[in-house]
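A.B. asks: Chains as they are written, first to last, in my numbering: chain A, 6 to 487; chain B, 6 to 50.
Careful: at least some of the hints might be erroneous.
Using 27 Å as the maximum straight-line C-alpha spacing, the simulated DSSO-like pairs for lysine-lysine come out as follows [what the hints assert, rightly or not]: (1) K10/B - K479/A; (2) K10/B - K369/A; (3) K157/A - K36/B; (4) K453/A - K36/B; (5) K10/B - K407/A; (6) K235/A - K43/B; (7) K231/A - K208/A; (8) K43/B - K477/A; (9) K36/B - K235/A; (10) K466/A - K43/B; (11) K10/B - K453/A; (12) K202/A - K10/B; (13) K140/A - K407/A; (14) K208/A - K43/B; (15) K447/A - K43/B; (16) K444/A - K43/B; (17) K10/B - K332/A; (18) K235/A - K10/B.
Which bits of chain A does chain B cover? Going by a derived footprint, with three or more residues having C-beta under 8 Å, they are [said to hold, decoys possible]: (19) 55-66; (20) 83-94; (21) 261-275.
Per the computed footprint, the stretches of chain B lying under chain A, defined by three or more beta-carbons under 8 Å from a beta-carbon of chain A, are [stated by the list, open to error]: (22) 15-22; (23) 32-40.
Hints listed in this document are in silico derivations from the structure and should not be mistaken for laboratory results.
Backbone N, C-alpha and C define an ideal beta-carbon position, used for all residues, glycine too.
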Amino acid sequence: MAKVVVLGSGFAGHTAAAYLRKNLGKEHEIVVVTPNSKFQYIPSNIWIGTGKMTPRQTTFPLAPVYKRKNITFKQAKVLTFHPEGDKELDKPYVLVEYTGGNKQGEKEKVTYDYLINATGPKLDFAATEGLFPGKNKTVSVCSFDHAEHAWKELKALIDRMKKGEHVKIVIGTGHANATCQGAAFEYILNVDDTLRKHGVRDKADITWISNEYHVGEFGMNEMYFKFGGKVWSGQDLAEFLFEDRGIKYITQAGIYKVEDGVAYYENLHGEQGKVEFDFGMLIPKFSGHGFKAYDKEGNDITDKLFKAFMIVDADYTPKPYEEWSAKDWPETYQNPTYPNIFAAGIAFHPPHTISQPRVSKTGKNITPAPPRTGMPSGIIGRLVAENVAHMIKTGSKTPKEKGSMANMGAGCVASTGYGFFTGSAVVMMLYPIVPDFDKYPKYGREVKSAYYGLAGHWMKKMLHHLFIYKNKLKFGWSLIPE
Amino acid sequence: MAAYKMSGFQRFLLLRCLIWNFIMFVVLNLKMLFLVAKGHGGTRD
Chain A
6 MAKVVVLGSG FAGHTAAAYL RKNLGKEHEI VVVTPNSKFQ YIPSNIWIGT GKMTPRQTTF
66 PLAPVYKRKN ITFKQAKVLT FHPEGDKELD KPYVLVEYTG GNKQGEKEKV TYDYLINATG
126 PKLDFAATEG LFPGKNKTVS VCSFDHAEHA WKELKALIDR MKKGEHVKIV IGTGHANATC
186 QGAAFEYILN VDDTLRKHGV RDKADITWIS NEYHVGEFGM NEMYFKFGGK VWSGQDLAEF
246 LFEDRGIKYI TQAGIYKVED GVAYYENLHG EQGKVEFDFG MLIPKFSGHG FKAYDKEGND
306 ITDKLFKAFM IVDADYTPKP YEEWSAKDWP ETYQNPTYPN IFAAGIAFHP PHTISQPRVS
366 KTGKNITPAP PRTGMPSGII GRLVAENVAH MIKTGSKTPK EKGSMANMGA GCVASTGYGF
426 FTGSAVVMML YPIVPDFDKY PKYGREVKSA YYGLAGHWMK KMLHHLFIYK NKLKFGWSLI
486 PE
Chain B
6 MAAYKMSGFQ RFLLLRCLIW NFIMFVVLNL KMLFLVAKGH GGTRD
C-alpha cells in the first residue's frame, strides 16, 4: 500500500488527485492537503468581476467530492518540507497547519510515499508598493472573493457614471514581472462590454497597461494565427480589439508603486511615467510560497527542492535568449534529488521565461513571467498522476510518460463580452505552448486559427459548465479532456 | 493592421448571425478536440 499526498486543489492538484484515484486501487491512500475548502473555476472570475456570475456559480465544496471518491481531504496549508523525515520520524513528511474545520490551527506531520506539489503561486501584492485589493482604488480578479469585491467597486463606479461623472479605468499588470495578462485582457474587454450595456461607456477612459513588449504578447513571445484568410500576430489581434473599442494602451511598463488612484511605472526606455485611475485592476506578481525544506538532521536543504518554485527536471543552466531551446523545459516534473517528489502546474520552477527577456536602460527587468493556464496545468497534473501510479504499480523509480510544454497545445478562449445573443470571445489555438524554433523555424509554432465572435462566447460558457462538471468528478468525468 | 476596423457585414456575421455562429461553434469544438488530441504532450502521443 502506498500513500500519495497532493498539495493543492487547483487545476493541477485536483486533476492529479482524481487521476491517482482512477489509476490506483482502494488499498492505496490519496490525500489532498489544501488551505481552500472550495474548488474555484478561475477562468470565470472575470464574469464575477463584472456582475455576470456569482461565486456560487463558479465554486463548489471539495469535501463531499473527495469523500465520494475515497480521497482523504485535509484543509490545511503546508509549512515545511521534510523529504527524509526527521530524527523522530523515519518517513518523509510535510508539516501542515489546519486552516478550517475542527482542527483549525493544529499542526500535523503528514507522511507520504509520493508527494505532488501543486501549490500554485503566491499572489505577491507586496512586491508592488501600495498594491492590494481594496487599497488605493485597486481591485483584483485573481480569486473569487477578489472578483466579487471588484464587481462591488465597479458597480459603485457605474452608479457614479450614471450621475454624469467621467472616470478613468486602468486594467493590466501591476508588476514588471507579472504574468496572467490573458485574465486582465479578458477583464478589460468585459468591463468595456459592461459599461456599454449600462449605457455609460462614453463616461470612461479605459487604459490597458502591461509589462508586455507589445499588446497581445501575453508572456508567450510572438504568437501568430490564421484569421480572416491572413496571418495575424497576437499584436494585430489585440490592437484590432482595442482600437475597435476605443481602449488606449501602454506597454513595456513595469509598475513599481501605487498610491491613491495613481500607478507609477518605468518603461524599457528607462522613462518614468504615471497613470491615474478611479478603478484599477492590476494583476500582481506571482511568486513562490517561500517554503523551507529540512533534511533528517534538521539542516536547511531548501536549495535542493526550491528556487522560487519547485525544482524539477528542467535545464536551469543560465544561458542567453539566443541559446534557449524547447529541450530546456521539463518533461516529467520530477525533483532530481528526491525522485518521489513531483511538481505540477504553476508550482514547478520554469527554466526561463517564454518571452524574450528585456531590461530597461536603468537595468530593470521588464519581462512577463511564463503563463501556465488551466489546460497545461491539468495536462501536467494528469501526466504526473499517471507516472506516480505507474511507479507504485511497477516499483520503478523512473516515470514512464513524458510531456513537455514544448509539445503541448493550448486552447485559449478569451471572453470579450457576455450574453447568449450579445456576447463574444476570441478563440486562439496554440501549438506548442513553448516555441520550438528547431521544429518551426519561421514562427516557433504551428500557425493555427483564431476566431472572434458570438460562437466564442458560447464556447467559453460551455467550457465553464463542462469543467465544473468534470471537476465535480461526476459520471464520465475522465472522458472530458483537460 | 492596427487601424483595422470591422465592416458592418463582418460585425453582423461574427456577432449577430446565429446560423453562422452555430456553424462556427461546431467547427471550433472540432478544432479544439483535434488540438487536445494532438497536444497532450510527449510520449503519450
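A.B. asks: The structure should be examined with respect to each hint, and the outcome stated for every one.
C.D. replies: Evaluated hints:
1. K10/B - K479/A: Violated - the C-alpha atoms of K479/A and K10/B are around 45 Å apart, more than 27 Å.
2. K10/B - K369/A: 36 Å, violated
3. K157/A - K36/B: 38 Å, violated
4. K453/A - K36/B: The hint holds at about 10 Å.
5. K10/B - K407/A: The hint is violated at about 44 Å.
6. K235/A - K43/B: 24 Å, holds
7. K231/A - K208/A: 35 Å, violated
8. K43/B - K477/A: 26 Å, holds
9. K36/B - K235/A: Holds, at about 18 Å.
10. K466/A - K43/B: 24 Å, holds
11. K10/B - K453/A: Distance ~22 Å between K10/B and K453/A Cα, so the pair holds.
12. K202/A - K10/B: Judged against 27 Å, a Cα distance of about 21 Å means the pair holds.
13. K140/A - K407/A: Given pair K140/A, K407/A is violated - Cα atoms ~44 Å apart, limit 27 Å.
14. K208/A - K43/B: 46 Å, violated
15. K447/A - K43/B: 21 Å, holds
16. K444/A - K43/B: 15 Å, holds
17. K10/B - K332/A: 40 Å, violated
18. K235/A - K10/B: 15 Å, holds
19. 55-66: violated (count 0)
20. 83-94: Violated - the stretch 83-94 of chain A has 0 residues with a Cβ nearer than 8 Å to chain B, which falls short of three.
21. 261-275: violated (count 0)
22. 15-22: holds (count 4)
23. 32-40: Since three or more residues must qualify, the claim that chain A covers the stretch 32-40 of chain B holds, with 6 doing so at under 8 Å.
Of the hints listed earlier, those the structure fails to meet are numbers 1, 2, 3, 5, 7, 13, 14, 17, 19, 20 and 21, in rising order.
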